[in-house]
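In order, the protein sequence lines correspond to chains A and B.
For the first sequence, the working numbering begins at 1 and goes up steadily by one.
For the second sequence, the working numbering begins at 100 and goes up steadily by one.
Hints are not guaranteed to be accurate.
Covered stretches of chain B (chain A as the covering partner; in silico rule of three or more C-beta atoms under 8 angstroms from a C-beta of chain A) [stated by the list, open to error]:
| id | stretch |
| --- | --- |
| 1 | 145-157 |
| 2 | 169-176 |
| 3 | 184-192 |
| 4 | 229-242 |
| 5 | 279-287 |
So the derived label-pair ranges between C-beta atoms look like this [claimed, not checked]:
| id | chain 1 | residue 1 | chain 2 | residue 2 | range |
| --- | --- | --- | --- | --- | --- |
| 6 | B | V286 | A | S78 | 22 to 32 angstroms |
| 7 | A | G38 | B | P194 | 34 to 44 angstroms |
| 8 | B | N258 | A | W74 | 51 to 61 angstroms |
| 9 | A | R92 | B | R278 | 50 to 60 angstroms |
| 10 | A | P55 | B | W260 | 40 to 50 angstroms |
| 11 | B | G234 | A | R79 | 38 to 48 angstroms |
| 12 | B | W260 | A | V94 | 30 to 40 angstroms |
| 13 | A | P55 | B | V111 | 24 to 34 angstroms |
| 14 | A | R79 | B | R167 | 16 to 26 angstroms |
| 15 | B | A113 | A | A81 | 15 to 25 angstroms |
Rough simulated footprint, nothing fancy, chain A against chain B, three-plus residues with beta-carbon under 8 angstroms [claimed, not checked]:
| id | stretch |
| --- | --- |
| 16 | 245-255 |
| 17 | 308-316 |
Keep in mind the hints are simulated off the structure, nothing from the lab.
Each residue gets a CB set at the ideal place from its N, CA and C atoms; glycine is no exception.
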Amino acid sequence: MKTLKAMVPVIVAVLLLSGLASAQQPAPKAAPSAAQDGFVPVDSPIAPGDAIPAPRLVAIAYGFIWVVLFGYLWSVRSRLARVEREIEVVSRRVASGGK
Amino acid sequence: MLKKTFPGLVVVAAAMFAYAPFMILDAPYESTMGLVQKIFYFHVPAGMTMFLAAFVSGVGSAVFLFTRKAWADRVGVAGAELAVVLGLIVLVTGPLWARKAWGVWWVWDPRVTSTFVMWMIFNAYLLLRRYGGPGSDKLAAAVALFGMANVPFVYWSVNVWRTLHPKTSVVPTLPAGLRGPFWFCVVAFLLISTLLIAVRAELEKRRQELDALYLASGE
């Protein structure tokens with residue numbers, strides 16, 4: 001019972017802090033135009049006067065994906081080759097009686 | 100089988116990834132986001148295959164926990180590592196898209212946050228495997244189960260909570276011009292992911308064989 005009583009202020013403090021934290025969290029600034037429910041295609045490309053350069057963002061995204069995916073493939077293949085070499089060395093050592 | 104078909108399949112996957120940007124450039128622009136929406140064609144397939152990799156890791160780990168089969172452990176590791184790689188792609192390309200569409204790089208939105216948490220879980224799996232010492236394979240397998248359990252929360256987060264992120268309704272309702280390139284990219288990601296899981300599982304198999312050899316040699 002004593003422990004329970006001692007825990008009450010802690011629980012109240014945690015609840016208050018979490019309430020404060022959620023109250024302080026700023027509402028996300030959404031561009032209301034960004035499609036959420038579905039995409040609608042158009043023929044004309046970009047609105048004039050765009051401040052943020054989309055081509056650069058798209059190029060970085062695609063370049064990054066290429067580098068990561070094929071870099072990972074190369075990394076796994078090279079790790080595999082290293083293990084194969086090590087297996088060969090250890091097998092030879094085992095076959096020659098551990099010398 | 101894998102050794103024979105692997106180079107050919109890698110070439111096919113590379114060709115698909117090389118051709119995909121041309122299909123994507125030909126696709127119509129989205130009315131509200133313009134050019135930056137084209138990140139969608141790689142961002143979403145990477146997310147979908149990340150979910151798949153998480154399931155592969157989770158199922159492999161579950162089988163390993165209950166049966167102690169070595170192949171299941173190998174599948175668990177391969178899936179977890181791929182989930183981390185694909186998660187990195189999702190978490191980097193998402194902010195690049197968000198910067199333009201939302202005006203910010205990052206928002207602690209339910210979808211973004213839950214994806215980040217899932218990515219951290221699979222990072223924890225890999226760290227456990229690397230530094231956990233003896234017995235860490237079983238502990239890591241349990242972590243992978245938590246990672247897999249996170250997938251439905253990540254997927255439905257956009258429909259359940261208020262969020263900035265596009266909802267799950269986007270993909271099934273894609274207009275004709277956007278649908279073709281999108282599903283082409285999904286197939287490309289599925290192919291490369293399958294190859295990566297296969298080659299990573301093979302690496303783990305060879306490592307287990309090497310460990311057995313060291314034990315046999317008494318080192």
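Outcome of the hint check:
1. 145-157: violated (count 1)
2. 169-176: Coverage by chain A is violated for the stretch 169-176 of chain B (0 residues, Cβ < 8 angstroms).
3. 184-192: Coverage by chain A holds here, the residue count being 5 at a Cβ distance below 8 angstroms.
4. 229-242: violated (count 0)
5. 279-287: violated (count 0)
6. B:V286 / A:S78: 22 to 32 angstroms: Once the Cβ atoms are compared, 27 angstroms apart, the range 22 to 32 angstroms for A:S78 and B:V286 holds.
7. A:G38 / B:P194: 34 to 44 angstroms: Between A:G38 and B:P194, where Cβ atoms are some 22 angstroms apart, the hint is violated.
8. B:N258 / A:W74: 51 to 61 angstroms: violated, 38 angstroms
9. A:R92 / B:R278: 50 to 60 angstroms: About 56 angstroms separates the Cβ atoms of A:R92 and B:R278, which means 50 to 60 angstroms holds.
10. A:P55 / B:W260: 40 to 50 angstroms: The hint (40 to 50 angstroms, Cβ to Cβ) is violated, given that A:P55 and B:W260 are roughly 32 angstroms apart.
11. B:G234 / A:R79: 38 to 48 angstroms: violated, 23 angstroms
12. B:W260 / A:V94: 30 to 40 angstroms: For B:W260 and A:V94 the Cβ distance comes to about 58 angstroms; the hint is violated.
13. A:P55 / B:V111: 24 to 34 angstroms: Once the Cβ atoms are compared, 29 angstroms apart, the range 24 to 34 angstroms for B:V111 and A:P55 holds.
14. A:R79 / B:R167: 16 to 26 angstroms: With Cβ atoms ~25 angstroms apart, the hint holds.
15. B:A113 / A:A81: 15 to 25 angstroms: Since the Cβ atoms of B:A113 and A:A81 sit about 19 angstroms apart, the hinted range of 15 to 25 angstroms holds.
16. 245-255: Since 0 is below three, the answer is violated.
17. 308-316: With 6 residues close enough to chain A, the hint holds.
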